[in-house]
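Q: Chain residues, written in single-letter form:
Protein chains: 6
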Amino acid sequence: MQCKFLDSIITYDGSQLRPRFACQNHSVIGNSVVAFIGPCNVSFQHMKDLEDLNSGSKICGDLMLHFICELFDTSVMAAVGLQRLIASIVKDEIESAVKNVRLIRTGDDLYWNDQKLSISIACPSIGSSLIHFAVNISNSGTPVKTCSLQDFAVEPRPFAEKILKKIVDEWESMENAKVKALPSL
Amino acid sequence: MQCKFLDSIITYDGSQLRPRFACQNHSVIGNSVVAFIGPCNVSFQHMKDLEDLNSGSKICGDLMLHFICELFDTSVMAAVGLQRLIASIVKDEIESAVKNVRLIRTGDDLYWNDQKLSISIACPSIGSSLIHFAVNISNSGTPVKTCSLQDFAVEPRPFAEKILKKIVDEWESMENAKVKALPSL
Amino acid sequence: MQCKFLDSIITYDGSQLRPRFACQNHSVIGNSVVAFIGPCNVSFQHMKDLEDLNSGSKICGDLMLHFICELFDTSVMAAVGLQRLIASIVKDEIESAVKNVRLIRTGDDLYWNDQKLSISIACPSIGSSLIHFAVNISNSGTPVKTCSLQDFAVEPRPFAEKILKKIVDEWESMENAKVKALPSL
Amino acid sequence: MQCKFLDSIITYDGSQLRPRFACQNHSVIGNSVVAFIGPCNVSFQHMKDLEDLNSGSKICGDLMLHFICELFDTSVMAAVGLQRLIASIVKDEIESAVKNVRLIRTGDDLYWNDQKLSISIACPSIGSSLIHFAVNISNSGTPVKTCSLQDFAVEPRPFAEKILKKIVDEWESMENAKVKALPSL
Amino acid sequence: MQCKFLDSIITYDGSQLRPRFACQNHSVIGNSVVAFIGPCNVSFQHMKDLEDLNSGSKICGDLMLHFICELFDTSVMAAVGLQRLIASIVKDEIESAVKNVRLIRTGDDLYWNDQKLSISIACPSIGSSLIHFAVNISNSGTPVKTCSLQDFAVEPRPFAEKILKKIVDEWESMENAKVKALPSL
Amino acid sequence: MQCKFLDSIITYDGSQLRPRFACQNHSVIGNSVVAFIGPCNVSFQHMKDLEDLNSGSKICGDLMLHFICELFDTSVMAAVGLQRLIASIVKDEIESAVKNVRLIRTGDDLYWNDQKLSISIACPSIGSSLIHFAVNISNSGTPVKTCSLQDFAVEPRPFAEKILKKIVDEWESMENAKVKALPSL
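Chains as they are written, first to last, in this note's numbering: chain A, 885 to 1069; chain B, 885 to 1069; chain C, 885 to 1069; chain D, 885 to 1069; chain E, 885 to 1069; chain F, 885 to 1069.
Here chain A stands alone, though its shape is the one from the complex (with noise of 0.2 Å):
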């Protein structure tokens, strides 16, 4: 899995989750993930989670940090399961960096009290499937109870090479889990 941090800010408008966007735009290739800092405002027309088009919520924040990752050659529930481990790689991260910070992780959702930290999306497209993981950097411009990395004082920029590293780390050893094993008979 390749990896890359996206140095200039890029506003997340849902348009960027589609398939070979981090091939077509930034020449990462294959199985990949890339990280950007910019504010997020999903239009309807790029809305896929049908539970916000339906309920006609926003999707928008002055400023996160964004991860978009896509899998080829994998089921919809694997993309899904990574979904929640990156979850659980950002909750781990942010806790052993900030002292006393418990996080609640609720399916793809991160929770500090009643507050929410993070966005997420999986769906599947033609060939593969895509992943939008999005954290808030401030809590300007959210439409709900929100925390943000400001609130834990963590910088966003090595913050986000820490998780890209990890994201990689762990796809990279579930292939390797998967390649070692005996089939069962």
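Incorrect hints may have been included.
Because identical chains share one entry, a pair is satisfied inside a single copy or across any pair of copies.
Stated by the list, open to error - Derived DMTMM-like pairs: lysine to aspartate or glutamate, alpha-carbon spacing no greater than 20 Å straight-line:
1. Lys888 with Glu935
2. Lys1046 with Asp1035
3. Lys1050 with Asp976
4. Lys1000 with Glu935
Since the hints were made in silico from the structure, they are not lab data.
Starting from the known structure of chain A, fit chains B, C, D, E and F onto it as the hints suggest.
A: Showing chains B, C, D, E and F alone in chain A's frame:
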């Protein structure tokens, strides 16, 4: 996903990690997770992890809490994903039950400092994928430096039932996440 | 599998045969079948059957009973199989309700002598397969020689609810059959 | 799909439900259905249906007409679908050949009132899925209340050949339906 | 696998590389390969190769021999495999027809010394995978240093028909190889 | 894809064509190809090719160069595709190394006039597909008219290492081709 706690003591020798085990022996059908308490002593014949087989490692313990999952219609990578989410669920449950204990998840393993709490394997079968995940109830008879539920004063039976429920919730919310996302073109 | 009878009159124009239709518009999630009553008038843009498209056939009728299924995590051939089982279920239901009527199933079509009762298509989508199956409620506005529920004095609404239940039973017993069989080596 | 009627009497003991049986023993390759006449006596070792295994049911009969299908490159659910369509085909054929007989299909079983006509199982294998479907030729030696082709004065051999042809037609028209549908976006 | 040589001149602009093209426009259904002669001028909108898109390459030529394959029920990697076997088939055919010419196959490209003979892409679609493979008939209008069938005095039409037949033979013998091998446990 | 030349002489008896052979015995994990030199003598128990089994053919030779591939997460047809590309690679390598020799590839077989150079089989396993491809080093002990590397004065060991490298390059460029193509709608 169906779940069941099996009341009788069962020695896990690896033969339980076979397709339709829960259905054939315990009337639990379809996607399933069953838990039981018993010794662990995996014969070479039933070892699935080639790292263990190649290194001649023993897989044993005098008393462990075992979970066996069977997943249909998905990829092995989804099973490997759930395997690690089970590790994450066990970690979160112990940390929330026991004051000041922090566990580390590394892949599908859980550690308390340098003491290993768990063993696990996921493997493909015909028509399904299988997971074995087990945590030490005592440290007796383990081949490496371990920790156990006894070290944390955690009662195995109610703990097992909480974890069973959380595994079912996790998988069902993953299924739900999968079917409520629009595809990306 | 969830099912729902949609109370409002809906004109089937082919746009309903899209991924997550039942979830997006009617809060029915996962494997699903929904039924509704309404005219049928499929635009060329939404025709999926290349035989119809290539021959310039019209797909229309003034009043039909429509069923739309979405199936996840399986092959298109399983959807094609269910499509024909729906035809078989409809045939059996009409034959048991109406004295001395014998229908003929040919592939996914139902005939009463040379009068066509139904139209159907199954097609792949992203992350799911889709089925449209519809029976004439009246013979008005149909482009070929047809028969209809009115010919058999069958009330559409209770008939729809019986068929919905039988489709759900069929699929769930198929799922059950799949997971209770040992693999063959 | 190739088909063949095997002229010799073969006792079905369950060992015939294995991958490449028709190819290895009868030179029928690829997607296939073969039929033969013979007793049925399935040993516990070869029973695939866990309901039968768990209940200790016998699967036997002194004379049955057997069909064995092998399907490549599709899901087990497609095989389960074809299995039930075979039941539907057999039902339609008997009903059209025998005056005033109405059979009931329940899942993969056929009944005449409370008398069971058929047995069936579908199971996954490696690289293919397998179906066994058999109808009683006589009621002798059956473990439950049954009916048989003799009750309907149906000659097994020509009946077998008609059914073989209809199974091939069904599968090939399913294949055809699959490839002539445009995908839905 | 069905094949067809399309008699009319068709400009390949990339829009032909779509699901069910051969079925919708030329009555060739299922796994298929069609060939036609015409200019090549792929618009950016229809470019599938991200290397070309990212580098701004032109994909064009005044006269080429085009092959378009559609493969159902298999992986994209099988389509990529067939794509390269088509290159190998074209190489073998030219080498056996033309004295002292040796071509080099590199991936899906064919070269005569440093002159490029062919272009190709394989891509996933919904329910099928697609291949475009084309060889220059003349060197006119090509954006790089090329060779062409004219350089080898090879008549396009009979050459096309030989290659069509060899592609069909290759795929059908691959299908045959697949179904006549016992699985390995 | 990992590759390895195994230094010891190994008799290929068919038992090596099993899932995880390279991992379990030679620490080569994941998609892999290993090569070794040794006699060939496949017992009936390990024969996978039903044509050989049905015809009672012997599969043997006193000295052959063997390649064993294991491919995860793809279809058997992709393995059959790679199998034939290996034949094509071996053909190209010998033709470029040896003056005036032209080999013929027919499916997965290589011939020099009417002398057979190679044997091969691809088969499905659980979680992976397997390929055995072998070329004669000498003509001694072969059951049919053969040619061998000795006829071409090709040293087996450096030849094996070149072919290993080309197989890895082929598969990795196929993987690369797969992930850099946009899907077609």
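Q: I'd like to know which numbered hints this structure contradicts. Please list them from smallest to largest.
A: none
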